[in-house]
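Visitor: Given next are the chains, with one letter for each unit.
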Amino acid sequence: MATRKAMLIDIKLCIGCLSCETACKQLHGFSTDPEPTLSDTAFTVVESRGGKFVRKVCLHCEEPACSSACPVGAISKSGLGPVVYNADKCIGCRYCMLACPYSVPRYQWTKLAPFVKKCDLCAERIKAGGQPACTEACPVQASIFGNRDELMAAAWKRIRSDSSYVPRIYGLEEAGGASVFFVSDIPFENLGFKPAPTGNQPMPTLTASALGDSPKVVIMGGTILSALYWVTQRRREVALAEAEETDAPNKISDERS
Amino acid sequence: MVARIKSALTLWRVIVAIIFGAGIYATYVRFLVGFRASTNLSDQMPWGLWVGLGTLCGIGLSAAGFGISAAVYLLGMERYRPILRASILISFLGYMTVCVGYLYEIGLPWRFWHPIVMWNRASVLFDVCVCIMTYTTVLTFEFAPAVIEKLPWKRLRETILHFHRKILIGVVLAGVLLSSMHQSYLGGLYLIARGKVHPLWYSQYMHAMFYLSAIPAGLALVVMAIYLSMRSLNVHIDFSILSDCGRMIQLLLIVFVFFRVLDLVANGAWGYAFQRTSEAGYFWLEMALLPAIPIFLLSHQSVRSNPERLYWSCAIVVAGFMVNRLNVSINALQSAMGTHYVPKWTELASSVLVIAAGVIAFRYAVIHLDIFPKLPKAGAKPFTRWMSNGGLPAQA
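So the sequence lines, in the order shown, correspond to chains V and X.
Numbering of the first sequence is given in my numbering, commencing with residue 33 and proceeding in unit increments.
Numbering of the second sequence is given in my numbering, commencing with residue 2 and proceeding in unit increments.
These are computed hints drawn from the structure, not numbers from a lab.
These figures come from a predicted structure and were not determined experimentally.
We put the CB at the ideal spot given by N, CA and C, even for glycine.
Please note that a few of the clues may not be correct.
To give a feel for the contact side, a few chain V residues facing chain X, derived at Cβ under 7 Å [stated by the list, open to error]:
(1) Val104
(2) Arg138
(3) Tyr261
Okay, derived cross-link-like pairs now, DSSO-like style, lysine-lysine, Cα gap no bigger than 27 Å in a straight line [claimed, not checked]:
(4) X/Lys197 - V/Lys226
(5) V/Lys143 - X/Lys151
(6) V/Lys109 - X/Lys197
(7) V/Lys84 - V/Lys121
(8) V/Lys84 - X/Lys197
Build out the structure end to end from the sequences listed, making use of the hints.
Guide: Next comes the structure, spelled out in C-alpha cells:
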C-alpha cells in the first residue's frame, strides 16, 4: 500500500496572508476574490476567529461519513489519503453534505447540471509525487504536507518543544482520525472547532448497526410471517373440513327424503 | 358559450387549474433554470421540503398498503378485505409520487438509474433507493389485477390472473419485509447526522420511531381517502371496518408514543422539551397532533362510529405525522446548521402538483376500476352509505 499522506495546519504560525486560498483558486481556475466561507469556488478559506486565522478545508477522514453515505459510491478514500469525488457517478442527492460532520461539501446550486465540490487534497498532484497547491504556496510553513506518520511526529515535536501549544492534535482521533491535522496555541473550542459527534468513533458506525440488522430482520421477519401465514391457512382448512363434516349428515338425509 | 364555460367552472376545477398552472411553472423553473431559482436550499440546508414532504411524508403515508395486505393475506383478517384494494391503490400512487419527486430532488435526474448499477451497501440511502424501487414493483404487481380484470380478452385475462394468484403470497411477504426495511431506513437516513439533528429527534433508534409512526399514519390516510370516496364518489362500504381502523390507529399510536417517550427519557433529551426554543415548540405541536389528541379522540366510541368525526381525527393524525417528518428533516437541523430555511413557493407548488396528480389518479381509478366491493343495490340513498353490508368480501 502506498504511504499515507497528510496535511498539517499550524494555527499558531498562520499569518492570514490567504496565499493558500489564492493558490487553490488559481489551480482550479476560479476568480481569486476571497470568499467568507467555503463555497463551490472556494475549497479552502482562512477564517478569522478569536484573533487567530483558522483554515477551513476538507479533513479527509480516515473513514469518511460522506463516502459511507453516498448511495452510488461516488466518494472514496484513496490509498494515498485524499477523499476523492467521482463526478461521473454522482446523482446529486446531496446526502454527503448532510452526512459530513464538518459540513464541508458544497453544491453548485446555480448550475443546471450541478455537482458536489470540495477539496481533494490535489489528489492528481500527489499521485505524481507533488504536493497540494495550498501547502506549496504557504510562505510560513503553517500548512505543510508529508507522510501521515512523519507529520504526526512533527506535530507532536512542535507541541513538545513549545509549551504555548495546546497539547492536542485536532484530527488525529476525531471521528476515527483524519488526514488533515491542526495544532494551535489557543484551545480548539475557542476557535470554533466542534468535538466530533461520535468522539473517536468513525462516523459510519452510526449507521452500521442499523444496516447490519437488515439481514437478521429479513430472515427473522420472513420466518415469522411465513409461520403466521401457515397458521392462517391451516385454520382455514380446519374450518372448511369442519363445515363439511357438519354438512355431511344433512346431505345424506336430504338424499333419503 | 359563456354560460357553458361558467357552468363548467366549479370551485374544485378552479383550484385544480391553479395547482397545475403553478406546479407546471415550478417544474419549468426547476428543470430549465435550476435549483437556485426554484428552491431556497443551500449548502447549510441541502435537503428541504422535497425530501421532508415529498419523500418522508409520501412514503410514510403510503404505509397502509403493506399493513392491510399483511393483515388480510398473512394474518387472515378477512374483515379488512373490502378496503384492501383501496389501500394498495393509495400506496401505489403514493410511491409513484415519490418516484416522480425523486427526479425533482436529485441534481442530475437523468442519472436516476445509477443506484441500480452502482452499489454502496454502507449507504442507508442506497438501501432506501433499492427498497423503494423494488417495493414500487411489488405494489404494481399487487394492484395489477384491478387493471387486468378489465381486459377484454378472456383467455389472456384468466391466464394472467391464474399466474398472479400462484405467486401472490410470496410477493406480499416480500413486500411486507421491504416496507418494514425502508420505512425505518428513512429515519435511518438521519442517523449519520448526529450532532446536526436536534436531540429531541435524534436517537440511535430513529429508524424504529419512523417505522412505528408510519403505520398508524398510513392507516389514517386510507380512512380519510375512503371517507372522501364515500362522500363524493358514491362508494358504499361497511363503515364498521373504518371504525375498527380507528381503534387500530389509536392502539398503534399508543405503542408509538410509549416508545417515543421511553427513547427521549433514555437519551436524556426530555429536558430540551421544556426549554424556550422553537424546537421545543415544534416538538409539542407534534406531540399534540400525532399522538395526544387523536388517542384521546379515538378512545370515544362516539368518535369512531361517526364518519365525520373519525375523518377529522384521522386528519389530525396525518397532520401530526407531517409535522413530525418536517421537524426531523427541516426544523431539527436549522440551529446546528446555523441557517433558517423557508421553502420557496415553487418548491411547495411542485410538490403539490405531484400530490394532486396522485389524488386525481385515485379518483379516476375508483370511478373506472373495481376498487371497492360492488354492492347489490346501486344508487342507494345517502344515509344508507354508512350501513353495514354484512362485511361482504371484495374480490381482490
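Visitor: Taking the hints in turn, state whether each one holds.
Guide: Hints, one by one, checked against the model:
no.	hint	result
1	Val104	holds (4 Å)
2	Arg138	holds (5 Å)
3	Tyr261	holds (5 Å)
4	X/Lys197 - V/Lys226	holds (11 Å)
5	V/Lys143 - X/Lys151	violated (47 Å)
6	V/Lys109 - X/Lys197	holds (23 Å)
7	V/Lys84 - V/Lys121	violated (39 Å)
8	V/Lys84 - X/Lys197	holds (26 Å)
Consistency with the previously given hints fails for numbers 5, 7, ordered from lowest to highest.
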